[in-house]
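A.B. asks: For chain S, the structure is supplied; the task is to place chain G on it using the hints.
Going line by line, the protein sequences match chains S and G. Following UniProt numbering, the numbering of the first sequence begins with 1 at its first residue and continues without gaps. Following UniProt numbering, the numbering of the second sequence begins with 1 at its first residue and continues without gaps.
Hints are supplied without guarantee of correctness; some may be wrong.
Unchecked claim - Not the full set, but computed from the structure, chain G residues with beta-carbon under 8 Å of chain S: (1) Arg95; (2) Leu176; (3) Lys184; (4) Ala187; (5) Arg244; (6) Gly283; (7) Ala285; (8) Leu343; (9) Pro347; (10) Pro386; (11) Val389; (12) Gly412; (13) Gly415.
What the hints assert, rightly or not - Computed list of lysine-lysine pairs in DSS-like fashion (alpha-carbon distance at most 25 Å, straight line): (14) S:Lys354 - S:Lys421; (15) S:Lys93 - S:Lys124; (16) G:Lys242 - S:Lys124; (17) S:Lys242 - G:Lys421; (18) G:Lys242 - G:Lys264; (19) S:Lys264 - S:Lys242.
Source of the hints: derived by calculation from the structure; they are not laboratory data. All C-beta atoms, glycine included, are put in the ideal place defined by N, C-alpha and C.
There are 2 protein chains.
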Amino acid sequence: MTAPDLSSLTASLPPGMVIVDPDILAAYRYDRANDPDAGTPLALVRTMTTEHVQTTVRWCAEAGIPLVTRGTGTSLSGGSTAVDGAVMLSTEKMRQLTIDTATRTAVSQPGMLNAEVKQAAADKGLWYPPDPSSFEICSIGGNVATNAGGLCCVKYGVTVDYVLGLQVVLADGRALRIGGKQLKDSAGLPLTKMFVGSEGLLGIITEVTLRLLPPQAPACTVVGAFPTVRAASEAVLAVTAKLRPAMLEFMDGVSINAVEDMLKTGLNREAGALLVAQSDAPGPAGEAEVALIEEAFRGCGGEDVFSTSDPAESEAFTVARRMAIPAVEKLGALLLEDVGVPLPALPDLIDAVKAIADENDVLISVIAHAGDGNTHPLIVHDPTDPDEVARANRAFGQIMDLAVSLGGTITGEHGVGRLKKGWLRDQVGDDVMDLMATIKQALDPQGLLNPGVMLG
Amino acid sequence: MTAPDLSSLTASLPPGMVIVDPDILAAYRYDRANDPDAGTPLALVRTMTTEHVQTTVRWCAEAGIPLVTRGTGTSLSGGSTAVDGAVMLSTEKMRQLTIDTATRTAVSQPGMLNAEVKQAAADKGLWYPPDPSSFEICSIGGNVATNAGGLCCVKYGVTVDYVLGLQVVLADGRALRIGGKQLKDSAGLPLTKMFVGSEGLLGIITEVTLRLLPPQAPACTVVGAFPTVRAASEAVLAVTAKLRPAMLEFMDGVSINAVEDMLKTGLNREAGALLVAQSDAPGPAGEAEVALIEEAFRGCGGEDVFSTSDPAESEAFTVARRMAIPAVEKLGALLLEDVGVPLPALPDLIDAVKAIADENDVLISVIAHAGDGNTHPLIVHDPTDPDEVARANRAFGQIMDLAVSLGGTITGEHGVGRLKKGWLRDQVGDDVMDLMATIKQALDPQGLLNPGVMLG
Numbered sequence: 001m002t003a004p005d006l007s008s009l010t011a012s013l014p015p016g017m018v019i020v021d022p023d024i025l026a027a028y029r030y031d032r033a034n035d036p037d038a039g040t041p042l043a044l045v046r047t048m049t050t051e052h053v054q055t056t057v058r059w060c061a062e063a064g065i066p067l068v069t070r071g072t073g074t075s076l077s078g079g080s081t082a083v084d085g086a087v088m089l090s091t092e093k094m095r096q097l098t099i100d101t102a103t104r105t106a107v108s109q110p111g112m113l114n115a116e117v118k119q120a121a122a123d124k125g126l127w128y129p130p131d132p133s134s135f136e137i138c139s140i141g142g143n144v145a146t147n148a149g150g151l152c153c154v155k156y157g158v159t160v161d162y163v164l165g166l167q168v169v170l171a172d173g174r175a176l177r178i179g180g181k182q183l184k185d186s187a188g189l190p191l192t193k194m195f196v197g198s199e200g201l202l203g204i205i206t207e208v209t210l211r212l213l214p215p216q217a218p219a220c221t222v223v224g225a226f227p228t229v230r231a232a233s234e235a236v237l238a239v240t241a242k243l244r245p246a247m248l249e250f251m252d253g254v255s256i257n258a259v260e261d262m263l264k265t266g267l268n269r270e271a272g273a274l275l276v277a278q279s280d281a282p283g284p285a286g287e288a289e290v291a292l293i294e295e296a297f298r299g300c301g302g303e304d305v306f307s308t309s310d311p312a313e314s315e316a317f318t319v320a321r322r323m324a325i326p327a328v329e330k331l332g333a334l335l336l337e338d339v340g341v342p343l344p345a346l347p348d349l350i351d352a353v354k355a356i357a358d359e360n361d362v363l364i365s366v367i368a369h370a371g372d373g374n375t376h377p378l379i380v381h382d383p384t385d386p387d388e389v390a391r392a393n394r395a396f397g398q399i400m401d402l403a404v405s406l407g408g409t410i411t412g413e414h415g416v417g418r419l420k421k422g423w424l425r426d427q428v429g430d431d432v433m434d435l436m437a438t439i440k441q442a443l444d445p446q447g448l449l450n451p452g453v454m455l456g
Numbered sequence: 001m002t003a004p005d006l007s008s009l010t011a012s013l014p015p016g017m018v019i020v021d022p023d024i025l026a027a028y029r030y031d032r033a034n035d036p037d038a039g040t041p042l043a044l045v046r047t048m049t050t051e052h053v054q055t056t057v058r059w060c061a062e063a064g065i066p067l068v069t070r071g072t073g074t075s076l077s078g079g080s081t082a083v084d085g086a087v088m089l090s091t092e093k094m095r096q097l098t099i100d101t102a103t104r105t106a107v108s109q110p111g112m113l114n115a116e117v118k119q120a121a122a123d124k125g126l127w128y129p130p131d132p133s134s135f136e137i138c139s140i141g142g143n144v145a146t147n148a149g150g151l152c153c154v155k156y157g158v159t160v161d162y163v164l165g166l167q168v169v170l171a172d173g174r175a176l177r178i179g180g181k182q183l184k185d186s187a188g189l190p191l192t193k194m195f196v197g198s199e200g201l202l203g204i205i206t207e208v209t210l211r212l213l214p215p216q217a218p219a220c221t222v223v224g225a226f227p228t229v230r231a232a233s234e235a236v237l238a239v240t241a242k243l244r245p246a247m248l249e250f251m252d253g254v255s256i257n258a259v260e261d262m263l264k265t266g267l268n269r270e271a272g273a274l275l276v277a278q279s280d281a282p283g284p285a286g287e288a289e290v291a292l293i294e295e296a297f298r299g300c301g302g303e304d305v306f307s308t309s310d311p312a313e314s315e316a317f318t319v320a321r322r323m324a325i326p327a328v329e330k331l332g333a334l335l336l337e338d339v340g341v342p343l344p345a346l347p348d349l350i351d352a353v354k355a356i357a358d359e360n361d362v363l364i365s366v367i368a369h370a371g372d373g374n375t376h377p378l379i380v381h382d383p384t385d386p387d388e389v390a391r392a393n394r395a396f397g398q399i400m401d402l403a404v405s406l407g408g409t410i411t412g413e414h415g416v417g418r419l420k421k422g423w424l425r426d427q428v429g430d431d432v433m434d435l436m437a438t439i440k441q442a443l444d445p446q447g448l449l450n451p452g453v454m455l456g
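This is chain S alone, in the form it adopts within the complex (with noise of 0.2 Å):
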């Protein structure tokens, strides 16, 4: 079979847009779910304008072709992994963004970075909340695409609740305009909101326009260390009875150790599990939920309970919750995971979890936006033992089973991917399979929008 025939895509973009050199295609095939079996790209679009995301997408559908849409390349799941003999096109160059702060809204081009908005918006006295703990890394398009969550999302809510508008170009190469800087719209179907978390199947969106918030007041931080983690994740539960804080995190014995030898910071590494809460509440209000919180974290066994209003030490507890992926990465392969469950199941996930990592004989560290009930159980594992491996993907299953028999999601904030959609039919059934296949049918009758991501 002979490759296409690129010349008339490459001549209807500026020079040097369409790239094939093998070395820069080679670069584009991974994300960071790392999925061995990746395919190569026919070839990279590094698009500038909707011009040209349509121009491509035209072409794409004449020639059939698939496409796969990618930011900064940093999905979890395999979402913008390469499929091999499709083409790749890259919104890393798509960097227009203004902030309008007569109406409070970012209107941003996909690939600019979710700290680079939350930059931008803090620059104007503004605040886009949605914190990925990639946000220094990942793009605005990708966490729209993936209707991405973070540390914040258990108050402020996730991507989702700050979509107002969007361009999208469809399968067939038109380029809508939906919704806008209104922050109220009731006319006709709902499609912003379709878009946001669909992950690349129904068209490319090439434009956000994002509702923004007054800044956060000062955050307050409370840090404690249980003896266990049914301990920690029962203290959960006697928070979020009590108030709703600005940020609940959960992290295990094994990824305390895995931040403290890489950041040095001084955690108890003796802990069970440890927590790190926020309450922004201002004034006395802060004071009393600062009380609640520290008295539940008591209430349930936790030691070295500590609060603090001081900024730097705030953002250094955030910090190593951050780092928490990164540095158990350290220790090996990850698998990862991002289940979520309704929250009171949520001490009964972490020591289920606990019990597929005995039964498989590998390594879990569990850290969690533990508040909102989203957890990322880290599969660590040797990449060159085959049976560790298969170990591993034996507990990445179990774990997302677990999940749905909890009443729960496999996947809370990272999307479906290619990673996860063997699960997806066990946790929404297959009446709601074919209800998205569906709309996928009636938006992409070629099929040719991220092809195998999801449904395929």
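C.D. replies: Here is chain G on its own, set in the frame of chain S:
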């Protein structure tokens, strides 16, 4: 043409559930939009369970008979107006409701009133924020179908922000559960959000899972009278430039006097406009917000600026605002607008509405959820005067044209229904209309669900 034979439907539902008594049917022709073109239903079915809904939908699909779903019939844009020869499915008897304090969720059948959900949550120490002015008479199913807003939305968001899960009966009669009690869920296409605001076109909602919040802190209310509507709308911008109020409502002189005639609460009848704002920030932060609001009001010419933390006094002003529509309705029949604009365009919108009133020689009272740019111009007219009706209708269209020209929306929270569909294309454009039609076609190929609404 003979009427379709209902016997197989009647036989497959409990005795008395299918109603054909003309007197009863007559009471189900109109909703609060009072569409003069309302039809007469073939039959009324007051379902009690999801299975009853499935039976009804399957019978309609087989017979090719259209179906209109109705909650409590409070639609202001004709979303639940009867259609000649269609089955009217009423959810008014679907009244199961449970509050789960452990997950902070409410699971409700669609026929519960918004106020009942609020009260049941409050009884368990929780809060369901969305608060349409009609909250005492509108159903939660209708709220979800229109993505209803309200007074507190300026700070707390609209219905879609609280919907975690749904049970939906599709046009082919299949019942689907989508989403659930987990706060974060990125598993699969975002179907839950796709149904919120879909106005009965894509399926029939038979159960909703709603996120609840901890109780709102006691609010402090600030009231200011302004010499002109322009001055008041500029004060809105001055407030929102400084903070995010928990409420920021606008009434013009006509509505002030109409409410005062009705309630006699001592509002300033001479004022050109009144603003009612609230802060629910606790302690000193709240005091600071109140001071900023007072300063913004006075800086824009506000008189009699007054604040109170007395709950009864606060509630009196909120009730005054909520009663504005019924009060103005005493002046004549209403054409009720729901246009919204990005906030900076609010003064221009309100000014131009007054010009439209003068041009067409009709009385238009403007009330508004001003803090989010969502206004309700109320076009008062004598329905027995054909010339005045024609002028009112012309003004109705001109106001929607105006909102679109200012980058806004023809409906912020009521939905398109049957009354506004002639303007939807102007707002969203041909390609977006096509996409909506594509989705409608994919989910309801026979076009039987709520025909004539939005796209019909």
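A.B. asks: Could you run down the list of hints and mark each one as holding or not?
C.D. replies: Structure-based check of each hint:
no., hint, result
1, Arg95, "violated (24 Å)"
2, Leu176, "holds (5 Å)"
3, Lys184, "holds (4 Å)"
4, Ala187, "holds (5 Å)"
5, Arg244, "holds (5 Å)"
6, Gly283, "holds (4 Å)"
7, Ala285, "holds (4 Å)"
8, Leu343, "holds (6 Å)"
9, Pro347, "violated (12 Å)"
10, Pro386, "violated (30 Å)"
11, Val389, "violated (25 Å)"
12, Gly412, "holds (4 Å)"
13, Gly415, "holds (5 Å)"
14, S:Lys354 - S:Lys421, "holds (24 Å)"
15, S:Lys93 - S:Lys124, "holds (24 Å)"
16, G:Lys242 - S:Lys124, "holds (12 Å)"
17, S:Lys242 - G:Lys421, "violated (46 Å)"
18, G:Lys242 - G:Lys264, "violated (33 Å)"
19, S:Lys264 - S:Lys242, "violated (33 Å)"
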